[in-house]
Amino acid sequence: MAEIVSLTDAVAAAIRDGDAVAMEGFTHLIPFAAGHEVIRQRRRDLTLIRMTPDVIYDQLIGAGCASKLIFSWGGNPGVGSLHRFRDAVENRWPGPLKLEEHSHAGMANRYVAGASGVPFAVLRGYRGTGLEGLPGLDGQPSVRPITCPFTGETLTAVAALNPDVAVIHAQHADRAGNVQLWGITGVQKEAVLSARRAVVTVEEIVPELRPQPGAIVLPGWTIDYIARVPGGAHPSYALGYSQRDNDFYVAWDAISRERASFRRWLETDVFALAGTARAKSEDGSGS
Amino acid sequence: MSASGTAVTEGGTFTSDQMMTACAARTLRDGMTCFVGIGLPSAAANLARATHAPNLVLIYESGTIGAKPGWLPLSIGDGVLAETADAVVSVPEIFNYWLQSGRIDVGFLGAGQLDRFGNINTTVIGAQYADPKVRLPGAGGAPEIAASCQEVIIVLRQTRRSFVERVDFITSVGYGDGPGHRERLGLTGAGPRKVITDLGMLEPDPVTRELTMTGLYPGVTTDEVRSRTGWDLAVSADLQALAAPTGPELAALHALQAMTPGS
Numbered sequence: 000m001a002e003i004v005s006l007t008d009a010v011a012a013a014i015r016d017g018d019a020v021a022m023e024g025f026t027h028l029i030p031f032a033a034g035h036e037v038i039r040q041r042r043r044d045l046t047l048i049r050m051t052p053d054v055i056y057d058q059l060i061g062a063g064c065a066s067k068l069i070f071s072w073g074g075n076p077g078v079g080s081l082h083r084f085r086d087a088v089e090n091r092w093p094g095p096l097k098l099e100e101h102s103h104a105g106m107a108n109r110y111v112a113g114a115s116g117v118p119f120a121v122l123r124g125y126r127g128t129g130l131e132g133l134p135g136l137d138g139q140p141s142v143r144p145i146t147c148p149f150t151g152e153t154l155t156a157v158a159a160l161n162p163d164v165a166v167i168h169a170q171h172a173d174r175a176g177n178v179q180l181w182g183i184t185g186v187q188k189e190a191v192l193s194a195r196r197a198v199v200t201v202e203e204i205v206p207e208l209r210p211q212p213g214a215i216v217l218p219g220w221t222i223d224y225i226a227r228v229p230g231g232a233h234p235s236y237a238l239g240y241s242q243r244d245n246d247f248y249v250a251w252d253a254i255s256r257e258r259a260s261f262r263r264w265l266e267t268d269v270f271a272l273a274g275t276a277r278a279k280s281e282d283g284s285g286s
Numbered sequence: 000m001s002a003s004g005t006a007v008t009e010g011g012t013f014t015s016d017q018m019m020t021a022c023a024a025r026t027l028r029d030g031m032t033c034f035v036g037i038g039l040p041s042a043a044a045n046l047a048r049a050t051h052a053p054n055l056v057l058i059y060e061s062g063t064i065g066a067k068p069g070w071l072p073l074s075i076g077d078g079v080l081a082e083t084a085d086a087v088v089s090v091p092e093i094f095n096y097w098l099q100s101g102r103i104d105v106g107f108l109g110a111g112q113l114d115r116f117g118n119i120n121t122t123v124i125g126a127q128y129a130d131p132k133v134r135l136p137g138a139g140g141a142p143e144i145a146a147s148c149q150e151v152i153i154v155l156r157q158t159r160r161s162f163v164e165r166v167d168f169i170t171s172v173g174y175g176d177g178p179g180h181r182e183r184l185g186l187t188g189a190g191p192r193k194v195i196t197d198l199g200m201l202e203p204d205p206v207t208r209e210l211t212m213t214g215l216y217p218g219v220t221t222d223e224v225r226s227r228t229g230w231d232l233a234v235s236a237d238l239q240a241l242a243a244p245t246g247p248e249l250a251a252l253h254a255l256q257a258m259t260p261g262s
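In order, the protein sequences belong to chains A and B.
Under numbering that gives the first Met the number 0, the residue at position 162 of the first sequence is numbered 161, and the numbers go up by one with no gaps.
Under numbering that gives the first Met the number 0, the residue at position 196 of the second sequence is numbered 195, and the numbers go up by one with no gaps.
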């Protein structure tokens, strides 16, 4: 059953050094504030999992939290490269980063398999690409051809993903810990249901969830910790609450390009916020 | 027109980006379903919808189906896409039910490197995957878009660095190593139909599947396209002269750009 706690307590309780952590949110509802708390708590040796390790994982990788990355697209959407990700892969700074690389369709299906409790998912994909032959983090391929038992056709199997922890941001939770998100809902439901533990940050804790077009509801008993963090998806956005801060995504290119400017940003925009309202969030009693 | 500069049409001055965007937009027919990537493909698809293809169905990999943005979004998940869509579905659903099933007519892709058979690399530059010279973003939705859309349009600038004899890594399959390869791999879509560059247009030879220059923009010469291609480029015997952007095309593009927040 979900406990409503501060963000600091949620991260401290749910995420340990060495964990495989999936922070999901496809452009929308990206749990940036939770990522910053992971940086402040100086977690190390994480296996980061995410379809699009955009600016949020650029920050975690540059801060030295990760040793492995499972992903399908590592860029700054509409802007260009992720400089901290590239520095890690090309120059091993601040340390080596081992990759397990897929396509979006493959990653989405890996979460589906994990959420469904089966060891793999089947899709038409990867055939003829270089991705087919790549080793996974354990040295074994996580993509293999499979013969359909009914038609004999060759399809592709991708290994299930079962992260230790899933972290997402949502618009609402009620006091019983039921979580509701709407707009672009990405792969968050699958990420939560594939993971052993789940942390959710929310814009608001409401007395009662109300119907919203296209909304997903995750019952409180599928979640471990909920923290109220208004604006916790910034610079991404929460439909109904905020707009995507496209200027920040553009500015990130310059902030992250050099190690020194990135470190200055870490100090002023992450570490210096320890203990402030934005970093601590609230336990919901103030709403 | 020169590759990087501007040129003049009866509709006004235009850049090579605007020429590419207009040329890419013209490849789309009204009523098509179109899987759109961000950047120039998104600009082209929105230009088509604003001009000759008002019923074009724009589908973004964020799960927004039938999005009708009034401006050019920066990301595939900007709020305007969800707010104007006919339906918003999850990421597993957009790839499985909509793309993999063959429901989407045309996919628009960019590339880091492209080879003579239309294979795309967006993964690494350099011979060693584990120790790359340049780490590119990776696959995203492209491998399955290239496999399963009924046809694919590729958009990228033509240089010797990007148009290579052999890609360093096959992220997305075009025609593989030539005729019959897509069929042997069981790929359901037909593959690349056109490549739109800042010099003109390439199309696959119907027999050999090799990309062949079939159209040039005003003022571009065959020597210029050959010098900016990393393989011995085939040029069609009946090369088309591709029209400069028209006044209405430029006006629609300017309107989309003017509406874009922060522009």
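One thing to keep in mind: the hints can contain errors.
To be verified - Under the rule of at most 25 Å between Cα atoms (straight-line distance), these lysine-lysine pairs were calculated in the BS3-like manner: (1) A:K67 - A:K97; (2) A:K97 - B:K132; (3) A:K67 - B:K132.
Said to hold, decoys possible - Covered, in the sense of this in silico footprint (three residues per stretch, anywhere, with C-beta under 8 Å from a C-beta of chain B), are these stretches of chain A: (4) 93 to 106; (5) 119 to 127.
Since the hints were made in silico from the structure, they are not lab data.
C-beta: ideal position from N, C-alpha, C; glycine also.
Each hint, compared with the structure:
Taken as a hint, the K67 of chain A and K97 of chain A pair is honoured in the structure, with Cα atoms around 5 Å apart against an allowance of 25 Å. Restraint check for K97 of chain A and K132 of chain B: satisfied, since their Cα atoms lie roughly 16 Å apart, inside the 25 Å limit. Between K67 of chain A and K132 of chain B the alpha-carbon distance is near 20 Å, which keeps this suggested pair within the 25 Å criterion. For the region 93 to 106 of chain A, the stated coverage by chain B holds: 5 residues have a C-beta nearer than 8 Å to a C-beta of that chain, and at least 3 were required.
With 6 residues having a Cβ less than 8 Å from any Cβ of chain B, the region 119 to 127 of chain A passes the three-residue criterion, so the hint holds.
When the structure is compared with the earlier hints, no violation turns up for any of them.
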